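Each chain, letter by letter, is given below.
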Amino acid sequence: MSGERTQSALLGALGVALMLGAWEVIGQNRLVGMTWPPFSSVMAFLFDPSRQALFSRALTATLGSAGLGYLIGGLAGLAFAMLGQILPVLRPGTDRATAVIHAIPSIALAPIFIVLLSREAAPTALAALNAFFVFYVAGASGFASSSQTQRDLMAALGASGTKRFFHVDLPAAFPGIVSGMKLAVPAALIGAIIGEWFGAPRGLGILIVNAMQNFQIPLLWSVVVLAATTSLVLFSAMTLLERIVHERYR
Amino acid sequence: MTDRTAAPAIDFRGVTKSFRLPDGKTLTALTDTSLSVGKGEFVALLGPSGCGKSTLLRLVAGLEAPSSGAVAVEGRAPEELVKAHRLGIAFQEHALLPWLTVRQNIELPFRIAGRPVMRERVQGLINLVGLAGFEAARPKQLSGGMRQRVAIARSLVLEPEILLLDEPFGALDAVTRRQMNVELQRIWSESRISTLLVTHAVEEALFLADRVIVLSGRPGKVVRTLEVPFARPRHPDVMRTAQFHQLVDELTETLHPTDGAGH
Amino acid sequence: MSQSATANGPARPSLVGRIGRTLLNFWGIALILVLWEALVVLNDFNVIVMPRPWAVFADIWANPGLYLQNFMQTAWVAMGGLVLGMIAGTTIAVLAWSSRILNGLLTPIGLIFSSIPVVAMIPVLARMLGYGTETVLAIVAILSFFPFFVFTGSGLKLLPAGSADLFSVFGAKKHQRLFHLALPSALPNWTVALRLASANAILGAMVAEFLMGTSGLGQMLHAASQAFNTERALGASVCATIGSVTLFVLVVSLEARVRERWT
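Residue numbers (the UniProt record's numbering), protein chains in the order written: chain A, 1 to 250; chain B, 1 to 263; chain C, 1 to 263.
Treat the hints with care, as some may be off.
As the list claims (entries may be wrong) - Label-pair ranges, simulated between beta-carbon atoms: (1) A:Asn210 - B:Phe19: 29 to 35 Å; (2) A:Ala237 - C:Leu42: 29 to 35 Å; (3) A:Leu153 - B:Asn127: 31 to 37 Å; (4) A:Asn210 - C:Leu42: 53 to 59 Å; (5) C:Glu260 - B:Thr16: 43 to 49 Å; (6) B:Asp237 - C:Ser98: 28 to 34 Å; (7) B:Phe19 - C:Ile109: 31 to 37 Å; (8) C:Ser253 - A:Leu87: 39 to 45 Å; (9) A:Leu31 - C:Ile109: 36 to 42 Å; (10) A:Pro88 - C:Glu37: 24 to 30 Å; (11) A:Pro88 - C:Glu260: 38 to 44 Å.
As the list claims (entries may be wrong) - Derived pair list, reagent style DSS-like, types lysine-lysine, alpha-carbon separation capped at 27 Å: (12) B:Lys39 - B:Lys221; (13) C:Lys173 - B:Lys25; (14) C:Lys174 - B:Lys83; (15) A:Lys182 - C:Lys157; (16) C:Lys157 - B:Lys83; (17) B:Lys83 - C:Lys173; (18) C:Lys173 - C:Lys157.
Derived by calculation from the structure, the hints in this document are not laboratory data. Small disclaimer: the values here were computed from a predicted structure and weren't measured. For glycine and all other residues, C-beta sits at the position ideal for the given N, C-alpha and C.
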């Protein structure tokens with residue numbers, strides 16, 4: 001069995017290596033044209049010491065807005081889900097409102113947030129909105145997953161709705177919320193990056209859009225790779241956390 | 001009728017089965033086990049949980065291969081019987097496909113075997129297991145006992161030469177379980193297929209089988225064989241006789257010796 | 001209010017009861033509109049900064065042809081991309097299912113792409129494929145591909161308990177396992193993929209159209225905001241939101257129906 005696990009890890013590594021290899025070959029031979037640079041030149045561009053300051057400034061800005069938005073949106077999403085759980089009459093309304101909020105195009109909201117808040121705050125607001133949705137869905141389905149027996153027990157003990165929530169629903173929702181914490185990472189990053197497209201002073205998003213408009217192909221790819229890697233690293237860390245929590249709570 | 005002079009339906013010769021665990025250790029489920037099931041015989045394998053009795057059944061079904069020794073079904077390798085679609089099986093998890101109706105679930109073996117569906121045979125089995133009127137129901141609309149009836153009908157639909165039953169009523173409550181035992185006895189009497197039943201319920205084994213084989217705890221090996229003295233067809237009243245109770249006590253003692261060695 | 005309505009008789013709820021229920025279902029959405037209105041009034045925004053909700057709806061009402069044309073453009077491209085991504089994602093998941101090596105090679109790539117902000121890659125694709133409707137189609141297809149690949153892939157392994165063994169004992173061939181067992185088992189998960197992908201299809205198409213300024217609602221939004229026509233920009237967004245929500249509601253009801261029948 002352990003041999004099987006090693007084998008699938010090796011196959012997985014081989015798969016990723018093949019993907020990067022294909023990227024390199026296509027780039028080297030210009031199979032898709034000038035807009036597909038080889039992997040090696042993107043890496044060289046990304047790790048060029050002269051650009052470290054540019055990249056780290058942009059990454060810090062994006063992580064800052066995404067992180068703050070993640071926190072705000074996460075807390076708001078959970079609070080909204082809690083509202084529907086403690087007062088079940090409100091639940092259909094919270095469900096529908098969240099679905100509609102999620103369906104409003106970010107690109108329409110970005111200019112509004114710039115007017116209402118500021119250029120710097122728009123990425124945070126969009127990141128918060130995206131995280132809000134993920135946390136709401138994770139929280140609402142998680143809170144509802146406490147077993148009927150547990151709820152009946154709390155009712156028999158004469159517990160109030162709030163008491164039941166904190167003793168039964170919240171712990172039952174924990175594994176679901178941790179999965180939401182993981183899925184909200186790329187969602188918050190997307191929000192921050194789109195928010196930055198609309199003229200944030202710094203960040204990965206504004207670099208991406210400028211590079212696209214000015215045909216700076218290696219820069220464009222480098223920044224996208226940077227954004228993807230950042231998301232992947234955070235997502236993997238959350239996956240580890242998720243595994244630990246799921247083992248304890250199930 | 002039972003005929004143990006001809007080639008046995010199932011034959012185990014010195015079978016050992018061990019598994020590699022994920023942590024690298026080896027678990028031996030069965031050691032040097034020899035036993036056989038005659039043609040038309042109903043044998044119950046009785047043993048505590050984790051004694052390798054399900055492993056034994058999986059070896060007959062070709063789901064596992066023995067580490068050493070030989071398993072023969074109808075004198076050949078289990079895989080050959082599987083390829084010929086001549087094996088019927090029912091598990092504790094009823095393994096019904098939730099998206100199919102009762103009738104479609106019972107017809108499934110025909111479709112897998114690539115044979116035309118014999119509608120009368122299917123309907124006959126539905127009637128036999130007492131599910132007439134529920135042909136179009138889906139598994140989730142049925143009770144646990146009814147689901148097992150479907151699973152048993154499905155195991156019989158291709159008129160198999162060997163029937164394997166792996167704790168088929170293990171998930172049912174005591175009352176339903178006894179009822180299902182009575183039903184199975186009746187159903188089996190109509191076909192008299194060579195049958196191997198795995199169970200940990202002593203009364204179930206005694207009521208259903210011609211012969212009870214008791215396996216010891218891990219690693220499993222045969223510790224006792226008992227010829228069941230009750231004539232067929234068996235009326236449920238058999239279970240109330242003093243002889244039945246005495247045999248139950250004897251087998252229970254073999255399974256869980258009161259000197260505390262088991263626990 | 002709704003309680004008194006149900007007490008009067010569930011068959012025909014009173015008008016008050018119906019209004020009450022509508023309020024309960026849509027209080028959140030009503031609140032959003034009220035907040036929007038209040039925001040404009042309290043801050044005394046002019047129409048360029050932010051119009052009131054009714055002004056946006058009035059613009060849609062006054063120009064139905066313009067909105068409909070752009071909406072249909074975006075909706076068609078989104079649907080086309082969704083279907084392409086669905087076909088590709090499902091097919092590759094089935095291929096990965098059929099070969100252990102392919103599965104090992106592809107699974108981590110699927111996981112990587114579902115954990116990164118793919119929307120941020122739209123500019124790369126736009127530059128690579130050129131500005132045009134085909135690029136929008138390709139972008140939506142790529143956005144949709146990963147949910148279908150990942151969720152179908154895991155769904156193909158979510159078999160009913162015991163059914164894999166059952167199919168082995170039936171002697172089922174690989175294609176029978178796929179069509180009779182794995183694909184039906186994957187359907188509930190597949191509808192989850194459909195829900196995730198359809199939620200993003202119209203929005204993804206709109207982002208792509210906006211960035212490239214090609215066609216549809218995205219281009220409409222782009223052009224309107226360049227011309228400081230905020231009513232129209234928001235009108236385009238309202239159309240996208242309505243389209244997205246409608247699609248989402250349809251898919252959710254499909255998903256509920258599949259769950260009802262399938263589990």
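Consistency of the hints with the structure:
1. At about 60 Å, the CB distance of A:Asn210 to B:Phe19 disagrees with the hint of 29 to 35 Å.
2. Taking 29 to 35 Å as the suggested C-beta distance range, the pair A:Ala237 and C:Leu42 does not conform, at roughly 42 Å.
3. Evaluation of the 31 to 37 Å hint for A:Leu153 and B:Asn127 yields a failure: the beta carbon distance comes to about 44 Å.
4. The hinted window of 53 to 59 Å between A:Asn210 and C:Leu42 is violated, with their beta carbons roughly 36 Å apart.
5. The hinted window of 43 to 49 Å between C:Glu260 and B:Thr16 holds, with their beta carbons roughly 48 Å apart.
6. Separated by about 55 Å at the C-beta atoms, B:Asp237 and C:Ser98 break the suggested range of 28 to 34 Å.
7. Separation of B:Phe19 from C:Ile109 is about 32 Å and conforms to the stated range, judged on CB atoms against 31 to 37 Å.
8. A hinted range of 39 to 45 Å is violated for the C-beta pair C:Ser253 and A:Leu87, which are about 25 Å apart.
9. For A:Leu31 paired with C:Ile109, a C-beta distance near 19 Å fails the hint of 36 to 42 Å.
10. Restraint check, A:Pro88 to C:Glu37: a C-beta distance of roughly 28 Å satisfies the suggested window 24 to 30 Å.
11. For A:Pro88 and C:Glu260, the hinted distance range of 38 to 44 Å is not satisfied, since their beta carbons lie about 22 Å from each other.
12. Straight-line distance between C-alpha atoms of B:Lys39 and B:Lys221 comes to about 23 Å, which keeps the hinted pair within the 27 Å bound.
13. With a C-alpha separation of about 33 Å, the suggested pairing of C:Lys173 with B:Lys25 is violated against the 27 Å cut-off.
14. At roughly 13 Å between alpha-carbon atoms, C:Lys174 and B:Lys83 fall within 27 Å of each other, so this suggested pair holds.
15. Of the pairs offered as hints, the one joining A:Lys182 and C:Lys157 holds, with about 23 Å between alpha carbons and a cut-off of 27 Å not exceeded.
16. Between the alpha carbons of C:Lys157 and B:Lys83 the distance comes to roughly 23 Å, so the proposed pair stays at or under 27 Å and holds.
17. At roughly 10 Å between alpha-carbon atoms, B:Lys83 and C:Lys173 fall within 27 Å of each other, so this suggested pair holds.
18. Taking the CA atoms of C:Lys173 and C:Lys157, the gap is about 16 Å. The hint holds against a cut of 27 Å.
Checked against the numbered hints above, the structure violates hints 1, 2, 3, 4, 6, 8, 9, 11, 13; every other hint is satisfied.
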